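When you get a sec, could you build the whole thing from the sequences and use the hints?
Letter by letter, the chains look like this.
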Amino acid sequence: MSRILVAEDDPHILRVICMWLSRQGHEVREARNGLAALQQLCDQCPDILITDINMPGMDGLELLRHVTSRQPRPHGIVVLTNRWDHRKIGEQLANAGVLVMPKPFSPSKLAELIQSLGAAASAAARSTTATAEGIE
Amino acid sequence: MTPAPANERSARVVQGVVAHLARATTSGRRSLAVLGCGVPAQPPTHCLRTCLHNDPQRIAQDGCGWLQAAAQGRRDVSCLRDGRCPKGYSVSAETVVLHGEEALAVCLEGPIAAAMPSGPIDPDGTSGAADAAPSGLAQLDALARVVRQVGALLEENEGLADEVLRVYEQLNLIFQLTQKFAGLTNLVQIEKVLVQSLGELLAAETVSVVRPDGAGRHYDIADRAGRPRRIGDWRDPPLMSAVRQVRESRTVSVLPHRGVNLLAGSLVRREDAIDVVLVARPPAAREFTSGDLLLLEAVLAFGGPILGNTELHEQLRAMSVETTRALVAAIDKKDRYTSGHSERVGLLATLAGRELGLSGADLTLLEWTALLHDVGKIGVPEEILNKPGALTAEEFAIIKRHPDMGCEILAPIASFRQVLDAVRFHHENPDGTGYPLGLTRDEIPLFARIIHVVDVFDALSTARSYRKAYTVDGALQIIREEAGTKLDADAVAAFLRALEAFRRRRPERFARLYPSQQEVACGSP
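For the record, the sequence lines run as chains A and B. Oh and the first sequence: position 29 is 28 in numbering that gives the first Met the number 0, straight run, nothing missing. Oh and the second sequence: position 33 is 32 in numbering that gives the first Met the number 0, straight run, nothing missing.
Because the hints were derived from the structure by calculation, they are not lab data. Hints may be right or wrong, so weigh each one.
[As the list claims (entries may be wrong)] Taking lysine-lysine and the DSSO-like style, the derived pairs with C-alpha atoms no more than 30 angstroms apart in a straight line are:
# : chain 1 : residue 1 : chain 2 : residue 2
1 : B       : 399       : B       : 467
2 : B       : 179       : A       : 102
3 : B       : 179       : A       : 87
These numbers were taken from a predicted model, which means no experiment stands behind them.
Here you go:
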């Protein structure tokens with residue numbers, strides 16, 4: 000189970016994604032644009048951030064600039080964007096450690112991705128704990 | 000995506016609604032609980048406060064034992080109706096049906112505020128302002144109705160969300176398939192991609208494609224190389240009759256077959272060529288759902304025309320290749336000395352063209368042009384073509400018309416329009432002594448220059464009615480001498496390199512192309 004923040008401006012898509020993720024047992028929070036997502040990120044950093052690119056106010060790219068420059072940052076970031084610009088976005092974000100999926104996304108692929116990101120996140124958490132204990 | 004089982008979903012719905020209602024109705028006097036329906040028996044708030052002392056361990060272990068026993072042991076609510084709990088609180092209860100399951104909704108009333116320890120559990124519920132509450136059962140009734148409605152709405156929402164996600168998955172598959180198909184022109188490959196995608200998407204063990212004649216191929220999805228097997232002994236009569244039915248009705252359906260999970264759909268390649276695709280899951284796997292049926296239908300509806308069109312395209316292409324080869328053979332038949340000439344010029348011109356840096360479509364076009372360069376000879380009388388001895392000036396004039404005639408013959412074929420000049424000018428010499436126009440150097444198209452060199456080489460290397468054949472080396476010597484005057488120097492250089500490489504790499508094939516040369520060549524110093 001992971002803590003996931005979903006940023007998406009289409010309220011229906013947002014609902015569908017969040018409902019689906021909660022039913023898989025994740026703790027899900029939602030944001031309608033980049034700014035709202037950033038505020039939530041400041042309150043509590045999720046394990047995984049799923050964000051759209053084209054959003055009013057603060058778009059996904061600006062959100063990612065903020066997110067990737069701060070600590071702590073989510074363990075995994077998944078970008079959902081339109082099929083026609085997903086390659087371009089993928090190239091732009093090639094070095095940001097971000098996974099880009101074209102919309103409409105494949106639920107089965109996203110589920111797989113979230114599972115592997117979640118597993119990586121908990122492994123990282125375990126190793127951090129172990130290091131901390133080692134220091135003590 | 001796997002939809003949550005109904006009871007799990009209804010439990011979540013009820014949990015959510017009950018938690019919400021409990022927050023809204025808990026006051027100093029009343030609290031609500033729903034028992035059963037998959038909800039962990041969470042005692043009403045006041046029980047937590049009074050009987051269980053807000054102790055999480057006790058809550059987890061014991062819950063409100065009395066309420067649980069009442070709910071589990073006796074679904075007959077009369078024992079609870081207007082009764083009292085052992086702590087003396089007034090209890091009203093009502094059975095409510097949530098998603099087809101019976102649950103017990105319990106409302107407790109009493110002077111809770113007095114018994115409540117400090118540290119409220121629910122800050123929203125401690126205002127104690129609801130003294131003027133309506134009677135327990137009446138409100139419970141209303142609440143149960145709300146629970147039912149909200150539950151139904153949530154269920155509907157989840158159903159719609161599932162539907163949206165299913166459509167997403169389908170769209171994705173179709174986008175992916177489109178991308179994969181875009182690079183494929185081969186029928187067998189297209190079928191493999193189609194079958195492999197279906198297999199993965201439907202979590203199948205095998206996918207089989209049954210042809211209209213009953214033959215077919217059987218793909219093991221775990222085998223990523225996609226090597227199909229011939230369909231074997233599973234072809235039993237009841238299954239085949241079901242397959243026939245699917246083909247005739249053009250539907251998608253689940254077939255009952257000896258405990259195997261089998262899904263069948265029709266793949267309409269053409270109106271008269273309908274395959275049936277059988278998707279099989281292992282007997283232990285989950286059964287196919289309506290979503291799976293829809294998915295199969297979408298993919299087959301999309302794949303059928305692609306396969307059909309590709310098939311048609313392949314047929315047309317084969318037909319045009321065969322027709323052209325027949326035409327080429329007809330030209331060569333006309334002149335008994337030049338049997339196989341066009342085929343050889345086609346091959347060697349392609350090799351020389353590649354040496355000059357041509358590739359892809361250009362090279363194919365050069366090959367076709369070279370194959371057809373002498374098509375105009377169809378218009379030259381056989382007596383002239385096959386005349387032993389020297390030609391008269393008139394006869395030679397007729398021969399010299401064959402490039403123009405070739406051009407006229409090919410002009411109606413749209414795909415050859417850009418190479419008509421190459422056919423027309425393949426007897427032009429760089430020094431301006433050629434025919435039909437006497438063009439010089441760069442005025443002569445590249446394809447014509449290449450074909451001219453190969454044409455001369457092949458003519459010299461084979462016997463004519465008026466002379467014996469030169470050896471290959473003898474012919475090459477003449478070509479070298481004519482480079483820059485009668486023949487284009489670059490084309491000659493490229494041809495010499497290409498021919499040398501071909502002779503070295505494929506000696507047997509070369510010997511087959513120019514067989515009579517071997518003895519002479521061996522005999523020459």
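Hint check:
1. B:399 - B:467: holds, 22 angstroms
2. B:179 - A:102: Answer holds: residue 179 (chain B) to residue 102 (chain A) is near 18 angstroms, not above 30 angstroms.
3. B:179 - A:87: Satisfied, since the Cα-Cα distance of roughly 20 angstroms is no more than 30 angstroms.
Consistency with the previously given hints is maintained throughout, with no hint failing.
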